[in-house]
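Asks: Below are the chains, spelled out letter by letter.
Number of protein chains: 2
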Amino acid sequence: MSSKLEKKAAAVIKRAEDKGLAIVTAESCTAGALATLLADAPGAGTCFYGGFVTYTKTCKSALLAIPPALIAQHTAVSREVALRMAVSALKASGAHVAVAVTGVIGPEPDEDGNPVGLMHIAATTRGGHTRHVKIASRKTSREANRERALAEALTLLDEILAG
Amino acid sequence: MSSKLEKKAAAVIKRAEDKGLAIVTAESCTAGALATLLADAPGAGTCFYGGFVTYTKTCKSALLAIPPALIAQHTAVSREVALRMAVSALKASGAHVAVAVTGVIGPEPDEDGNPVGLMHIAATTRGGHTRHVKIASRKTSREANRERALAEALTLLDEILAG
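Read top to bottom, the protein sequences are chains A and B. Using this note's numbering, the first residue of the first sequence is number 1, and each one after it goes up by one. Using this note's numbering, the first residue of the second sequence is number 1, and each one after it goes up by one.
A hint or two may mislead.
Chain copies aren't distinguished; within one or between two, either way the pair holds.
[What the hints assert, rightly or not] Below 20 Å or equal to it, Euclidean Cα-Cα: the simulated DMTMM-like pairs (lysine to aspartate or glutamate) are: (1) Lys7 x Glu143; (2) Lys4 x Glu143; (3) Lys8 x Asp112; (4) Lys57 x Glu147; (5) Lys14 x Asp112; (6) Lys19 x Asp110; (7) Lys57 x Glu17.
What the hints contain is simulated information worked out from the structure, not anything from laboratory work.
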């Protein structure tokens with residue numbers, strides 16, 4: 001993992017620690033890499049709670065109670081599904097802040113025709129504040145797109161913790 | 001991630017694919033790195049279902065219904081907790097095979113005095129087959145212990161899929 005991402009993760013954990021807030025993650029395309037980054041930051045033991053990796057549509061419904069109809073209507077890579085993933089992760093875990101990532105990192109488009117590089121990232125707090133960002137990365141490498149998704153998720157998390 | 005681990009993950013996914021079985025993970029100390037490895041293997045989309053990252057004790061109870069009394073009795077790094085994590089992940093997800101990893105990768109012992117390098121890994125199937133391995137790694141680096149945990153988890157997964 002790049003040292004730039006490690007520094008971003010450390011800053012997020014420091015901010016959460018200062019505020020006494022616990023973070024939970026819900027990941028599709030990053031598949032646990034965001035959780036690993038956060039867990040590796042100094043101080044994570046007190047404010048990184050854990051997370052969900054929901055790689056398939058079935059798993060999004062089983063672990064995070066995402067209605068199959070919502071996925072059918074918007075596809076798994078959508079603002080609606082990202083927000084619902086974040087809200088469900090928060091509710092199931094009892095953490096204070098949740099971040100969710102769903103996207104297509106490649107090398108192939110997904111089965112619904114969403115292109116490589118499309119990502120939706122959402123964050124939410126217990127107080128009901130939400131943030132969302134849509135990314136259309138032009139990178140084609142899986143690793144480059146994963147790093148972009150991780151960087152954007154950490155930025156969104158930092159913003160919602162600061163807000 | 002080392003190419004040796006990537007090869008092991010690819011072999012596990014190939015075996016699961018051949019058998020039409022879906023895998024779910026439950027990770028404490030590896031914090032999502034096992035899920036990322038499995039998701040990166042060719043063919044993962046059909047047989048890697050997703051997983052849980054339960055980094056704290058509270059999170060183990062919230063996400064995987066591990067009774068706090070079980071953790072209090074055996075500590076979070078124990079055969080009993082590893083097995084329960086695997087069984088709960090299987091039940092919650094609807095996958096066919098689950099693997100769970102709990103351990104102390106360092107740099108410090110955990111709050112219950114479990115030493116750096118102690119790991120418990122468990123796997124279970126819907127049919128009730130279970131496997132467990134206890135590792136006492138002498139390595140002190142967090143990265144080396146994480147890689148050892150990942151290698152052992154992939155081996156256990158491969159064995160239970162073959163059995």
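Asks: Hint by hint, say whether it matches the structure.
Replies: Comparing the hints with the structure gives:
1. In this assembly of identical chains, Lys7 and Glu143 lie within 20 Å of each other by CA distance both inside one copy and across copies; the values are 18 Å within and 17 Å between.
2. Within a single copy, Lys4 and Glu143 get their C-alpha atoms as close as 15 Å, and across copies as close as 18 Å, so both meet the 20 Å cut-off.
3. In the homo-oligomer, the alpha carbons of Lys8 and Asp112 never lie at most 20 Å apart, since the shortest distance is 32 Å inside one protomer and 30 Å across protomers.
4. Taking identical chains as interchangeable, the C-alpha atoms of Lys57 and Glu147 are never at most 20 Å apart, the minima being 22 Å within one chain and 29 Å between chains.
5. For the homomeric pair Lys14 and Asp112, neither the shortest alpha-carbon distance inside one copy (38 Å) nor that between copies (24 Å) is at most 20 Å.
6. In this assembly of identical chains, the alpha carbons of Lys19 and Asp110 never lie at most 20 Å apart, being 38 Å within a copy and 24 Å across copies at closest.
7. For the identical chains of this complex, Lys57 and Glu17 are inter-copy neighbours only, at 17 Å across copies versus 33 Å inside a copy, given an alpha-carbon limit of 20 Å.
Violated hints, in rising order: 3, 4, 5 and 6; the structure is consistent with all others.
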